[in-house]
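*Asks:* Residues per chain, in single letters:
Protein chains: 2
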Amino acid sequence: MNDAQRGLHLPRFLPYRLTKLSGMVSRNLAGHYSAAFDLTVPEWRIVALLGSRPGLTAREIAPPASLDKVSISRAVERLTKSDRLEKRILEGDRRSAALYLTDSGQRMLSEITPIAQRYEDQLLKNFTPEEIEQLDDFLNRLDAKAEALKGSL
Amino acid sequence: MNDAQRGLHLPRFLPYRLTKLSGMVSRNLAGHYSAAFDLTVPEWRIVALLGSRPGLTAREIAPPASLDKVSISRAVERLTKSDRLEKRILEGDRRSAALYLTDSGQRMLSEITPIAQRYEDQLLKNFTPEEIEQLDDFLNRLDAKAEALKGSL
DNA sequence: AGAAAGTAGTTTCATTTGAAACTTTAATCT
DNA sequence: AGATTAAAGTTTCAAATGAAACTACTTTCT
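Chains as they are written, first to last, in this note's numbering: chain A, 355 to 507; chain B, 355 to 507.
Careful: at least some of the hints might be erroneous.
Same chains, same names: a pair is fine if it fits in one copy or spans any two.
Unchecked claim - Within a straight-line C-alpha distance of at most 27 Å, the following computed DSSO-like cross-link-like pairs (lysine-lysine) qualify:
1) Lys-504 with Lys-479
2) Lys-423 with Lys-499
3) Lys-441 with Lys-423
4) Lys-504 with Lys-374
5) Lys-423 with Lys-435
6) Lys-374 with Lys-479
7) Lys-374 with Lys-423
8) Lys-504 with Lys-423
9) Lys-499 with Lys-374
10) Lys-441 with Lys-499
11) Lys-435 with Lys-499
For the record, the hints were derived by calculation from the structure and aren't laboratory data.
Build the full structure now, drawing on both the sequences and the hints.
*Replies:* This is the structure:
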């Protein structure tokens, strides 16, 4: 009896494993910051991005954060209301606004960053530097391949 | 200026990369079966599991499918209504039921399995067997570590 | 210039999700 | 046995999500 007849072995099926792992990791990490800072995942990504690339607009944030414009709009609204983030309407195009962390946002980021780093470090604690490099390469290749397979229905 | 002050580099942050990858892969794969068979992810997992382990109860499905009982209840209801799955109340305990694929469910599984396999194969097309083994090991270790870190808030 | 088409971001609405409460049956305690 | 506690699934309710419609502004076309 082959796989097609018996069904496939779920616990070894790559998409299942990736979903399960990413879910655990996200919930874990969220447990570290969402309670303490009241941040959602999209909000955290936006803050992290603006930390290294201040002044991005909502549209520019979408690709590097892998977020759609609805999520961004909502996240930005909450972050603005909680005074983590400031919007500056662009002179050249009044539809969009450059986004900047406020001092409070900066402070929050510098508190969360080490927590996030520490969590990542713990995940990779028993990986050698060579293995980390290897993993990095694997993830890049899988990402590129998944991207390439997008259209092929 | 260190990472904590500048923020961390999102595109290289492991949790972000895992979420992004798993999201792409899931959407991709769902595109291959959800349209054709009207299956959600929980439904697909349950069908796949029952293919190799017929007669499981809802409770027994939860851990190996990484699903909560609410998702299972809803998925089972839909699968039963669409005649993919049959519930047999347990003699010994009338609260729960053993679940079995119907002939129609079996047929569906044997149609989807090769599609899922093919997608996984394509993802891993340019991985050597050694690399696949390596990746397998990495995922196991990350999974175990993430599991272990669950409590440590 | 004025009309038509396009873009940035927001809002609406319908669906998905999950935690908590609930129902039914089973096991344990007195 | 009768009462209490626990377990399997289901239902309810509120929050999260995302596609589609919408608003405000900008660019392109004639």
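*Asks:* Hint by hint, say whether it matches the structure.
*Replies:* Verification of the hints:
1. Lys-504 with Lys-479: between (33 Å within a copy, 15 Å between copies)
2. Lys-423 with Lys-499: within (25 Å within a copy, 34 Å between copies)
3. Lys-441 with Lys-423: Classified as within: same-chain Cα gap 16 Å, cross-chain 43 Å, threshold 27 Å.
4. Lys-504 with Lys-374: both (21 Å within a copy, 13 Å between copies)
5. Lys-423 with Lys-435: Answer is within: at 18 Å inside a copy they meet the 27 Å cutoff, but 37 Å across does not.
6. Lys-374 with Lys-479: both (20 Å within a copy, 22 Å between copies)
7. Lys-374 with Lys-423: both (26 Å within a copy, 16 Å between copies)
8. Lys-504 with Lys-423: The answer is within: 20 Å in one copy meets 27 Å, while 31 Å across copies does not.
9. Lys-499 with Lys-374: The answer is both: 20 Å in one copy and 13 Å across copies each meet 27 Å.
10. Lys-441 with Lys-499: Neither: 36 Å inside a chain and 40 Å across chains, both beyond 27 Å.
11. Lys-435 with Lys-499: Intra 39 Å, inter 37 Å, cutoff 27 Å: neither.
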